[in-house]
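Student: Each chain, written out:
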Amino acid sequence: MPFDQKQPGPPITRINILQGQARVSAGPRVEFSTVLGSCVATCLFDPEVEVGGMNHFLLAEPPAGAATGDFDEHYGVYLMELLINEMLAHGATKHRLRAHLYGGANLNSGFARIGTRNAEFAHHFLAKERITVVREDLGGIHARRVDFRPARGQVRCRTVENTLAPEPRPMPRPQKARGDVELF
Amino acid sequence: MNKNTRILTVDDSASMRALLNHALTSQGFDVAQAEDGEVALEWLALNEVDVVITDINMPRLDGFGLIERLRQGNRHRDRPILVLTTESSEEKKTRARQAGATGWIVKPFDPEKLVAAVRRVAH
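Taken in sequence, the protein lines are chains A and B. For the first sequence, our numbering assigns the number 1 to the initial residue and increments by one for each residue that follows. For the second sequence, our numbering assigns the number 1 to the initial residue and increments by one for each residue that follows.
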C-alpha cells in the first residue's frame, strides 16, 4: 500500500522504536519510526483487523570461528515472539500476518556481516513460522529510516546518512528476562 | 535418569520448539512437541510423559486452559508442569500457580537453568 504523505485530520503521533523494543498499535494516527544500520526491523500487519507492529533488534555476533548455533538466537526468537504475542493480543491471527523486513546493512567493515546475519535470522524465523514476507529492503552498506503506519500497513523506507544509525552494539538481554526459574 | 525422562513441549512457535528441542535432547531427554493446548491434550491422552513444559499464549487452548484440564483428571494431577513464557506480570504468574503449574520460567530461557529445573521437578 502506498505511503500517504499527508493524511487529513489531527496530527500523527510518531513513536520511535528503539533497539530491543516491540510495539503494536491499531491507532489510525500512529506512526512507528526507526533508524537502522546493522539492526533489523520486522513490521507485521494483519489487514483484516488493521493492526500492525514493529520490532527492532541486533543479535549478538558469534565469536570468530564459532558455529552458527552460538548466535544469540534465543534473544531473537524472544523479540519476535513478543511482537507476535502483542499482535495476537490486539486481535490479529497468525496465518493472516504479513511481514516486512528492513535493515541488516553492513555499514562498517569492522562489523562485517553482522547485518547479514541478523537479516538471515529474521528470514529463517518467519519462514519457520510460515509468515509471508511481502516486502523487504535488506543488506547493502547504507543506513535506513523506516516509517510504518501500523493500522494501514503502510511503510516508507529511505536511505539516510550512516551517521544517523545507532552504533552496531548488540544489546545484552534484559536482566529481568534471563530465564529465571521459580518453582511454586 | 536423563535417558528415561520424557518431556512434552507445548508452544505455538516452531522456532521456540526447535530451540527447546535442541536444548533438551542435547542433554539426553526424550522430547515430544505440541503446537497448542488441544494438540497437547490429544497427545497426552495416548502417551506417557514425565514433565510438561508449556507456553501461555497459544491459539485454541492456551497454557492456563491446558494446566486446568490436566489437573481436572486423575492421570496428570501430579504431573510436573513448567510454564515457559514471555509474560512477566505477577497476575499471570499467580494465575498459573492457581491453575496448578509447578513452576514459572521467563523467556528467553537459559538452557542450563531450564535443564536444572526439569531435573528438579522430574519424578
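Because the hints were derived from the structure by calculation, they are not lab data. Please read these numbers as outputs of a predicted model, since none were measured by experiment. Treat each hint with caution, since some may be false.
What the hints assert, rightly or not - Simulated pairs of lysine to aspartate or glutamate, EDC-like, Cα-Cα distance not exceeding 16 angstroms:
(1) A:94 / B:35
(2) A:94 / A:129
(3) B:93 / B:62
(4) B:113 / A:50
(5) B:92 / B:68
(6) A:94 / B:68
(7) B:93 / A:129
(8) A:94 / A:50
(9) B:92 / A:182
(10) B:113 / A:129
(11) B:92 / B:62
(12) B:93 / A:180
(13) A:94 / A:136
(14) A:94 / B:62
(15) B:93 / B:68
(16) A:128 / B:68
Unchecked claim - Here are a few chain A residues that sit away from chain B, every Cβ distance over 10 angstroms (derived from the structure):
(17) 16
(18) 81
(19) 85
(20) 130
(21) 180
What the hints assert, rightly or not - Have a look at the derived ranges for each label pair, beta carbon to beta carbon:
(22) B:46 / A:139: 42 to 52 angstroms
(23) A:28 / B:28: 28 to 38 angstroms
(24) B:89 / A:161: 37 to 47 angstroms
(25) A:141 / B:42: 44 to 54 angstroms
(26) B:18 / A:116: 35 to 45 angstroms
(27) A:124 / B:111: 54 to 64 angstroms
(28) A:91 / B:32: 40 to 50 angstroms
Beta carbons are placed, not taken as given, at the ideal position from N, Cα and C, and that holds for glycine.
Student: All hints are to be evaluated individually against the structure, with a verdict given for each.
Tutor: To see whether the hints hold, each was checked on the structure:
no. : hint                              : verdict
1   : A:94 / B:35                       : holds, 13 angstroms
2   : A:94 / A:129                      : holds, 9 angstroms
3   : B:93 / B:62                       : holds, 14 angstroms
4   : B:113 / A:50                      : violated, 39 angstroms
5   : B:92 / B:68                       : holds, 14 angstroms
6   : A:94 / B:68                       : violated, 25 angstroms
7   : B:93 / A:129                      : violated, 26 angstroms
8   : A:94 / A:50                       : holds, 13 angstroms
9   : B:92 / A:182                      : holds, 13 angstroms
10  : B:113 / A:129                     : violated, 26 angstroms
11  : B:92 / B:62                       : holds, 12 angstroms
12  : B:93 / A:180                      : holds, 13 angstroms
13  : A:94 / A:136                      : violated, 19 angstroms
14  : A:94 / B:62                       : holds, 15 angstroms
15  : B:93 / B:68                       : holds, 14 angstroms
16  : A:128 / B:68                      : violated, 30 angstroms
17  : 16                                : holds, 22 angstroms
18  : 81                                : violated, 6 angstroms
19  : 85                                : violated, 5 angstroms
20  : 130                               : violated, 8 angstroms
21  : 180                               : violated, 6 angstroms
22  : B:46 / A:139: 42 to 52 angstroms  : holds, 47 angstroms
23  : A:28 / B:28: 28 to 38 angstroms   : violated, 53 angstroms
24  : B:89 / A:161: 37 to 47 angstroms  : holds, 40 angstroms
25  : A:141 / B:42: 44 to 54 angstroms  : holds, 51 angstroms
26  : B:18 / A:116: 35 to 45 angstroms  : violated, 21 angstroms
27  : A:124 / B:111: 54 to 64 angstroms : violated, 19 angstroms
28  : A:91 / B:32: 40 to 50 angstroms   : violated, 31 angstroms
Hint compliance for this structure: hints 4, 6, 7, 10, 13, 16, 18, 19, 20, 21, 23, 26, 27 and 28 are broken, all remaining hints hold.
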